[in-house]
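Got two chains here, each in a separate frame; can you build the complex from them with the hints?
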Amino acid sequence: MGRYVAQRIGQALLVIWLAYTVIFLAVQLLPSDPVTIFLSTDSAVDQATIDNMKRQYGYDQPLLVQYLAQLGGLFTGDVGYSLASGEPVALRISGVVGSTIALALSAFATAVVLALAVVVVATLTRSALLRKVVLNLPPLFAAVPVFWLGLVLLELLSIRWGVMSLFPDGSFLSLAVPVFVLGVHVSAPIAQVLLKSIDTVYNQPFIDVLRAKGASASWIFFRHALKNAGGPAMTITGITVGTLLAGSVITETVFARSGLGAVVLQAVTTQDVPLVQGLVLLTASVFVAVNLAVDLLYPLLDPRILKSNGQGSPRALAV
Amino acid sequence: MTLHLENPAAASSAQTTTAPAPARRRPSARTGLWLTALPLVLVLGWALFPGLFTTADPIAGVGAEKFLAPSAEHWFGTDHLGRDIYARVVHGTSQTLLTAGLAVLIGLIAGTVIGLVAATAGRVADAATMRLVDVLLAVPGFLISLIVVTAFEPGPISLGVGVGIASIASFARVVRSEVLRVRNLDFVEAAFLSGGTYRSVVLRHILPNATGPVLSLLAVDLGAAILAISGLGFLGFGAPPPTPEWGLLISEGRQYLGSAWWMTSLPGLIIVAAVVLLAAFGRQLLKIFRF
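Protein chains in written order, with this note's numbering: chain R, 9 to 327; chain E, 660 to 950.
With the rest of the complex left out, here is chain E (with noise of 0.2 Å):
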């Protein structure tokens, strides 16, 4: 009764109060969502076609040039075998977002099935699925990943792996609140009245309409998926030396920090970069999706 007699006080004071609102910042939404996307697609184009961003070799380097301070010809500067740097920042990009990809791919279509289980397969379900999410996050995401490459080798493949099980706690968490959310609202309801299954209702209603704040956590989980690769990468547990990849970049300029700064430094300026956006266009996508 209470429910009844709550919702239209709250839908007309939503109405007057946030009438104008969406005039004014759809738009602003929009231009942030935009200003942040834009940046992330240049990465995304690297990764793809990095040949249309840089003539220079990633793997062979010429010997005269070793050791070259930035400038308009090496944007980054050389390294110590003669390889331009950004050219090997942008041919990294593919290995490592790969990487990422593949723990975000794991973290996310575990945690969808983890969380919409506890969500919507009753109380014992969600205790049990919940206890295991517990652990998972007791465990840090460090370790687990150590765990992953210690037992298989060392190689993006196992490092991919053990990320993604790290970051399944976060994503089963996000779907479960969400799934709670939306199995309450009416129009769920609705159809279970209308004769809809527990399989159709889930997949038709609840699931495309819990998706906002996943997605937005999939921009964050990739930002942070790569900073846990990287780290990992400069410990030694990635992809082996002569592949760029952006942990890697950072780890072999760290011989050569007398001498050459810009081989450490800058690789990671484009790391802080893809991680801050990808952590603003989260921002964003949740800000549109959240009415």
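Isolated chain R, as found in the complex (with noise of 0.2 Å):
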């Protein structure tokens, strides 16, 4: 357990300190320094503004220089400054992300119980036609675009039937329908792995032997099957961080929200290179976070993983 555990927290450190070293590798390679490209879009700026902008944020240093500086940064919670406002860039994104969190983790829980009445249907019907009808919701659900359900639902409730308001104010359903919207979308991949995993442990022959020793369906895919099938959705579940964010920045433009998904936007247009910067090393660092903590909990939920040869990380399985 303690080597699993080490093993596990020592390849997410790496894997955070790659991302962070291929990010600056990848800032280096840019045509010119941020400060020039940021500065590109205005039409009169003299070559000294550059020199000394370049010099307050620290470009004019070697890049070995930088990089240690921007390394070191990180352990003090110092991702760089963003150039636009000059604010620090964990400060400018602390600031907002408040209610991204907020609607990731609501349209997270909403994505989990629609993936979880997906299979629970499609398992427990004896309608062959419900279930062919329920199984293919969730291909459905990946195809559609956030954005298009966003807009479709807010012409239906708030223009057709003016049930809600276009922005948000604090109402229900001002709140209710971007969760739905995004949930929607992340239920897909749930869903989908969780189908496949339950359709893998009904083929074990315990299932068998509980049927034959009387257990009834719900009984065995409540107590039995779903406990069993729980791991790779579980793990599947950690990987959909990316997708969540994504999700968030493009719900947060169509219902009008503030968050995270306005400073992404205001950093990209601006070209505002250490924001854009920031936002990747912190939303990689989550990513890793949670996925770290997952691969902890596995154990709990399916001890063979300490016996499988060590080193497969559940991720391997989900697959």
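For the record, the hints were derived by calculation from the structure and aren't laboratory data.
Note that the structure is a prediction, hence the values are computed from the model and not measured.
Beta carbons: idealized from backbone N, C-alpha and C, even for Gly.
Heads up, a few of these hints could be off.
What the hints assert, rightly or not - Quick list of the computed label-pair ranges, beta carbon to beta carbon:
#	chain 1	residue 1	chain 2	residue 2	range
1	E	782	R	70	42 to 50 Å
2	E	918	R	173	15 to 23 Å
3	R	54	E	732	55 to 63 Å
4	E	786	R	178	45 to 53 Å
5	E	701	R	76	54 to 62 Å
6	R	54	E	899	24 to 32 Å
7	E	899	R	301	40 to 48 Å
8	R	264	E	726	44 to 52 Å
Rendered as structure tokens:
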């Protein structure tokens, strides 16, 4: 167990460090430095301003110094300064991240409920037609663009039926609809993996034994199959972090909500490289942390993972 | 030893249990493939010869025909400049498909090289490349696209490159696992024993036999790329406004949500249909290749 935990934590740290290094190198590969790119949209800018700003942000230092200084900054929570506002990137992000986290978490809960509903109906229904319909839902959910579903619901609910305001006003629907839109999108991969692993479990002999002993279909499903199929679904859950983030940015734009989405859009349109860099680094860290948590919780759910060759990540089982 | 004992048993059991299956399953798999392929051919036709499918001009509008609801004459209605939306969807196909195609091509080529190296060039190379893939997986594809779009000007090419880089990881993983599977088959050993070099065996025997799942991923990934590109196009990071592009069409319609529902709803249905069909096509391919 200790070995497994140490391995997982070491791997997570390695990935964060690598991600940081790759991003740093990618920024160096740009046609010019971030300051010049940022100021390129300005028509009248002289070399002195550029040099001055470069010095302020430390882009005139040798590469190795920049690399180490920025790497050191990571440990103190300093991920650079926004070129557009001069604010620390961490402050800029932490100021708005709350509403995005709320949206993402509620959407995630919705997605899990939706995915479970799909799986329960598909497994327990006796109607072949209903099963067929339900089984086709996840591929459909995966194909519906978040922004399109959001706009269609907005058109129906607020313009045609007038039950919801176009802008967030704190009413129930103005919170629930964005959550639902994002939840539908995220539920697709969770449902697909859960369906697949439920299928695998149902092909195992112990299910036949349970049936022979007279267990009912729902008893087998809830008491035995779901538990055994939960592992891979939990793993895919960690991987949906990225989908949740991208979906949040788009959902926030469609529903005019404030949050990380507005910051991301602003950072990209003003070509604010350090801000984008900080956003990427933070997201990657969240992704790695969530997946580390999933990996560490996995043995509690399925101790077999510790007995398998030891180096296999649970993620390998999910695919 | 155990391998040799297991093999005949597996082969014979496969024969007895699945012998009738090919006769029944083959035609249905083929029909499914054709059913999903035909509409996709239509979409490809839109991209290659848009003039055959619509005579309306996608860029210049007719001033007297603003905001017309869908009708026999304008299937998808008209927009704020009196342009036929169906014509804009048809003409926008090539823009969307080209960007998505560029993305998939980048993912396929880079992913295949990385996957091949990881699976055939020894343990150190495997560990190194797979950690790199982990990094690519740790940064959401959406953000990778955003970095590229920020660093270079927003536009279809940087969009395609960004989405392409984001899809390298999934191709690398599939190619690696397929090559690992094929590499352990007997005929590969035979090819090495009969004097094949690393290069010839990989190119002649391993790669061709590992293509099935990769082709399937290609179809699915094209759908995912279309989705990602239309999303980023919706945010305004793709082709500039006069060009018809699927995501941009919807984003233009957003301002007229109250007066012209068809400007957002109908182009979106085309995106949904294209992505669903590509995913289904990918699943059918996998069914046919996996005996």
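Beta-carbon spacing of residue 701/E to residue 76/R - inside the hinted bounds 54 to 62 Å or not: holds (56 Å)
Status of the given 44 to 52 Å range, CB of residue 726/E versus CB of residue 264/R: violated (23 Å)
Pairwise beta carbon distance, residue 899/E to residue 301/R, judged against the given window 40 to 48 Å: Since residue 899/E and residue 301/R have Cβ atoms about 43 Å apart, the given range 40 to 48 Å holds.
Residue 70/R and residue 782/E - C-beta distance against the hinted 42 to 50 Å: With Cβ atoms ~36 Å apart, the hint is violated.
Beta-carbon spacing of residue 54/R to residue 732/E - inside the hinted bounds 55 to 63 Å or not: holds (57 Å)
Range hint 45 to 53 Å (beta carbons of residue 786/E and residue 178/R) holds or violated: Since the Cβ atoms of residue 786/E and residue 178/R sit about 51 Å apart, the hinted range of 45 to 53 Å holds.
Distance restraint hint 15 to 23 Å, applied to the beta-carbon atoms of residue 918/E and residue 173/R: For residue 173/R against residue 918/E, whose Cβ atoms are near 18 Å apart, the range 15 to 23 Å holds.
Beta-carbon spacing of residue 54/R to residue 899/E - inside the hinted bounds 24 to 32 Å or not: Cβ of residue 54/R to Cβ of residue 899/E: about 29 Å, so the range 24 to 32 Å holds.
Violated hints, in rising order: 1 and 8; the structure is consistent with all others.
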